[in-house]
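Asks: By this note's numbering, the letter at position 32 of the sequence shown is numbered 60, and the numbering carries on one by one without gaps.
All clues stand as given, with none of them false.
Now the in silico label distances, taken between C-beta atoms and shown as ranges:
| # | residue 1 | residue 2 | range |
| --- | --- | --- | --- |
| 1 | H101 | E158 | 20 to 28 Å |
| 2 | G114 | T143 | 14 to 22 Å |
| 3 | L148 | A103 | 14 to 22 Å |
| 4 | D59 | P151 | 34 to 42 Å |
| 5 | G127 | S61 | 16 to 24 Å |
| 6 | S69 | T126 | 31 to 39 Å |
| 7 | D130 | P74 | 36 to 44 Å |
| 8 | Q141 | D59 | 15 to 23 Å |
| 9 | T71 | E122 | 27 to 35 Å |
| 10 | S69 | E132 | 29 to 37 Å |
| 11 | P151 | T129 | 37 to 45 Å |
Derived by calculation from the structure, the hints in this document are not laboratory data.
Computed from a predicted model, the values in this text were never measured in an experiment.
Every residue, glycine too, gets a C-beta built ideally from N, C-alpha and C.
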Amino acid sequence: MLNIKSCLALLAASVTLSAASVIPNTIAKRDISCTFVISPSTTPDPSTNLESELNWIFIRSLLDASPTGGPIHHAGSVIVSISDEGLYTVTDSEITSTGFTDEEVAATVTSFQGTTVTGLTTPPIDWTYESVVC
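Construct the complete structure from the given sequences, taking the supplied hints into account.
Replies: Here you go:
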């Protein structure tokens, strides 16, 4: 038969186990950064707002790949360089998605490699992720 001490010890142990299962998920979120090399199907017009275009393709890719469709946060796409061959090196930081660990977000983002997303420009430009590193 359980006495009061045993009941209190059991209650304390169950509260400790419950708290321990919540803490790692809270601590594990630290936002990730990724670098992409992407290629356009055609050279963008000089008047194209590339920042908006690249943010669109990144968010569109995340939404398409997310089983829940969001919510997703990122700080924005930044063009690091454009090669002589027309390849764009882009970084994106502070990438998170509610309900997913950083590792799951990184795995989703790296799966973009080899995929193509249509941008917002007129006429539309198809952007291909040549490489992705998170």
